[in-house]
Amino acid sequence: MLDSATLNTLAIRPPGVVMDLERLGSLTASRLSFSRSLLRQMARQRWQIQRERFELDEDGFGQTIYRLQTPNGRYHVVIFSHPLSDDQRSDRVTAEAWDLTFGLVEGDVEEALMCSLAENLPLQEAGRQNPQLLVISRANKSTRNFDAFVTALSRGQQPSIDDLKSAGYLYRTTAVYGNGKFGIKDYSRLSDNPDFRQPFAAQMIAVYVLRQFSIDQLEHIAARRAPGTAVPLSDAIQRYVGIGNSTGLGMAPFLINHPLLINQWIYCREQALALAKANLPDEAARDRLVALCERAQQYYLESQIEDKDQVERNSTLLEELAHVTAWLQQMPAESTLWYQLTEWGEAALSLETQELLNSLLIEIYPESVDPLEDEMSVEEVQDLIPDMPLIQLKQIIETQFDWALSQDLTDPDERYWFWYRSIEKEEPRLGVRGVDQGEEKEIALAIGPRVQQVYRLLESYLEANPTGVAVDFLLEHSRVVDVVRRIQSMSNTAYGEIRGNLWHRELRPMHLLRTKLSFLGAGRFDPRGDRWVRVTFFQGAPSIAELNAEPADLSGFDDWSFALAPHQT
Amino acid sequence: MMVSYNELQALSRKAFLGIGFSEAQADDAADMVCWMESHELNGLVELNQALQRILAEDNRDKSPELLYQDADLAIIDGHDMSVLQCSHLPLELAFAKARARGLGVLKIRHCRQRQLIMGYLARLASRGMNITALWRHAQTPLTEQVVGFRANSTVPSIRIYTLEEIPDENKLNTGITVIMANHVDLLPTMRSDYSYDLLARHEESELLEVEVRRRASGDGFDVPSSLWDQLKTLAQRTFVESFEGSQLGAGPLD
Chain V
360 MLDSATLNTL AIRPPGVVMD LERLGSLTAS RLSFSRSLLR QMARQRWQIQ RERFELDEDG
420 FGQTIYRLQT PNGRYHVVIF SHPLSDDQRS DRVTAEAWDL TFGLVEGDVE EALMCSLAEN
480 LPLQEAGRQN PQLLVISRAN KSTRNFDAFV TALSRGQQPS IDDLKSAGYL YRTTAVYGNG
540 KFGIKDYSRL SDNPDFRQPF AAQMIAVYVL RQFSIDQLEH IAARRAPGTA VPLSDAIQRY
600 VGIGNSTGLG MAPFLINHPL LINQWIYCRE QALALAKANL PDEAARDRLV ALCERAQQYY
660 LESQIEDKDQ VERNSTLLEE LAHVTAWLQQ MPAESTLWYQ LTEWGEAALS LETQELLNSL
720 LIEIYPESVD PLEDEMSVEE VQDLIPDMPL IQLKQIIETQ FDWALSQDLT DPDERYWFWY
780 RSIEKEEPRL GVRGVDQGEE KEIALAIGPR VQQVYRLLES YLEANPTGVA VDFLLEHSRV
840 VDVVRRIQSM SNTAYGEIRG NLWHRELRPM HLLRTKLSFL GAGRFDPRGD RWVRVTFFQG
900 APSIAELNAE PADLSGFDDW SFALAPHQT
Chain F
228 MMVSYNELQA LSRKAFLGIG FSEAQADDAA DMVCWMESHE LNGLVELNQA LQRILAEDNR
288 DKSPELLYQD ADLAIIDGHD MSVLQCSHLP LELAFAKARA RGLGVLKIRH CRQRQLIMGY
348 LARLASRGMN ITALWRHAQT PLTEQVVGFR ANSTVPSIRI YTLEEIPDEN KLNTGITVIM
408 ANHVDLLPTM RSDYSYDLLA RHEESELLEV EVRRRASGDG FDVPSSLWDQ LKTLAQRTFV
468 ESFEGSQLGA GPLD
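From first to last, the protein sequence lines are chains V and F. Going by the numbering used here, the residue at position 440 of the first sequence is 799; the numbering climbs one at a time, nothing skipped. Going by the numbering used here, the residue at position 197 of the second sequence is 424; the numbering climbs one at a time, nothing skipped.
Don't read these hints as lab results, they were simulated from the structure. Please read these numbers as outputs of a predicted model, since none were measured by experiment. Check the hints yourself; a few may be wrong.
[As the list claims (entries may be wrong)] Here are the simulated EDC-like pairs of lysine to aspartate or glutamate, each with C-alpha atoms no more than 20 Å apart in a straight line:
{"no.": "1", "chain 1": "F", "residue 1": "K334", "chain 2": "V", "residue 2": "E801"}
{"no.": "2", "chain 1": "F", "residue 1": "K459", "chain 2": "V", "residue 2": "E801"}
{"no.": "3", "chain 1": "V", "residue 1": "K784", "chain 2": "F", "residue 2": "D424"}
{"no.": "4", "chain 1": "F", "residue 1": "K289", "chain 2": "V", "residue 2": "D767"}
{"no.": "5", "chain 1": "V", "residue 1": "K753", "chain 2": "V", "residue 2": "D767"}
{"no.": "6", "chain 1": "F", "residue 1": "K459", "chain 2": "V", "residue 2": "E484"}
{"no.": "7", "chain 1": "V", "residue 1": "K800", "chain 2": "F", "residue 2": "E471"}
Based on the sequences and whatever the hints tell you, model everything.
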């Protein structure tokens, strides 16, 4: 953590700017994203990953195990691939069967454990999972990509990579569960294990290994289909294969229910940006930024997205990136260059382009930025401060939750939606207030209206009790304890609260999903409406073979953002 | 069946919400149960008793009643509710008094499943408060329990004993007395003019060992299926049944 003197000299953006929901919904992955920092850690610590078991039939169905050896422990990724009919293939959380199911196991996989996994992993939520598991997940094929790749390889040809520009994967996961879900291990038990110091490290490890399986399975099927003719997938295309993820509203509550963690992520990103900008620009750094802008430009040119809004956003971004590159090439590398760039960006560029530029600025200064990856975790405790004077509580609301007080909840548009959990696998959903069933079971995700409620109650209580403290007030209004506790706990933070009204008719839940996905390291953001999105992880990332080769050039190994399609003849 | 800490906490929380607890009550109650069980102090047994009692009575409109308070002392009527429902705010009140005055005393009359209060006391102790709580389990033989937390300690010392000589005042007592001190240790030391028979004694070190062992092993909790099913049923009260078009509330079908 930076000392306060350093922090004061850095131009850190205020929360009113950063926590705007639309801006958060424009974030892109950066070098602080968890998929990036995980691979850096793996390479730095010389992790080794070996395929230990590969028992697949000619159609690629069966069991596979990969062994991971780290300096601190041994883990296994166990994968079961199953036949699945097309009509069963669904990305919804309500699905009950998938093309494959897999899990990350701590320690060795004895036969008894393997039997238990074979019985329960394919059932996912419906099974009782083993406490040696750290992660469970499932994935469905991109049948178009998979079939085309098998066909090409079995004919002795490399597949066309055109389809990977729209769906950059052979498999997409539909939920990745960790932290004690369905009987697997609690992450609090891993707090001393340095392999998992990053949030979501275990999930990212499992997904990274699944990427290798998707290629191994593909090559296996092709080889069985055409022995002697089939060829392996080229190294360049292997790198261009990622793992997809299909995500819906299920991800949204996390952003609201973990404000201290979200604060930490965003605070680190904002520190990284401020530290990057505080570096004195030189020709080399400017050239590097121009090169990254050009790479990003090419990446977006190659991306084939279906969603109309996202296509429009990407096309604006492409246009603006061309201006940015031209601007950078003409400007002298003077000391204020980065500040000039971001100030111009704020005035003239779309949010999408601004945040992309911020990610690229962060990218060019690894020495300044990378130590922050150790600060992305935080202990999430919200305790009441019972003796806080109510006048202070009121002042905190007025200064830090002014965005909540400004919501006009008498306007029907401001209270249009309500959030609830469906009985179908507890999936979070949106209902129209006054129209849809379930309003009486609304879940308290919209923080703004609840803060406003506390403020109104406080105003009235304070009139009669001007010297009261928090606990006096709460003894009369016990149903708002959670909100008061949250306000107090967040009072020393800047970035935990997302400044939007989650009831508003114009709410785009997609912004919530993208916020989290950007920190996980997702790319190729392809929304399906405003509540579903498909993304790709690890596209362009080094393969397991490259990792096992113990790369000498760690910065080269780490340079895989905005993956470009390999050239094909 | 074996369940993880996170699962027990999440499902208990939802079950408490299903019963009608407020968000904070549900959070705190789930934490109290999990704290007890993870220290092998029969959290699940107490939870089961609490559920049966809560479900048998309709406590939805009840809340703890402040009978008296001054700068040092508060007396609350728990109206026969479980400490899961009636203790967290009174304990915060005592905490505030102790911070202001050096020592605060809280008496909660008429409350149930008092063992579970240790889960919330642990949380207050971690915030730098020394705490002692005393309550009586039974009148014949007269059994008392004293629990003491050192400030910033995660575990208490516990003594449970029967008194051989019954004092004159021995009416049914379902209350609990909590003393909090900002600066002074309040750990139980057994000295009394009454002769007593020590039934159970848990030292801090012993409970710390449990904490460390459980943390290292990563073992979950062995929850009776009937209790798990009951928690699930209660949790379902918070979910909305499917209705025509309800899946669209999560986005277009794939």
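Outcome of the hint check:
Distance hint between K334 (chain F) and E801 (chain V) is unfulfilled; the C-alpha atoms sit about 36 Å from each other, more than 20 Å. For the proposed pair K459 (chain F) and E801 (chain V), the alpha carbon gap of about 18 Å is at most 20 Å, so the pair holds. Proposed proximity of K784 (chain V) and D424 (chain F) is contradicted: the alpha carbons are some 52 Å apart, above 20 Å. At roughly 33 Å between alpha-carbon atoms, K289 (chain F) and D767 (chain V) are farther apart than 20 Å, so this suggested pair is violated.
Restraint check: the Cα-Cα separation between K753 (chain V) and D767 (chain V) comes to about 19 Å, which is no more than 20 Å; the hinted pair holds. Annotation: proposed proximity of K459 (chain F) to E484 (chain V) holds, straight-line Cα distance about 14 Å (limit 20 Å). Restraint check for K800 (chain V) and E471 (chain F): the C-alpha separation of about 18 Å stays at or below 20 Å, so the hint holds.
Taken one by one, the earlier hints fail for this structure at numbers 1, 3, 4, listed in ascending order.
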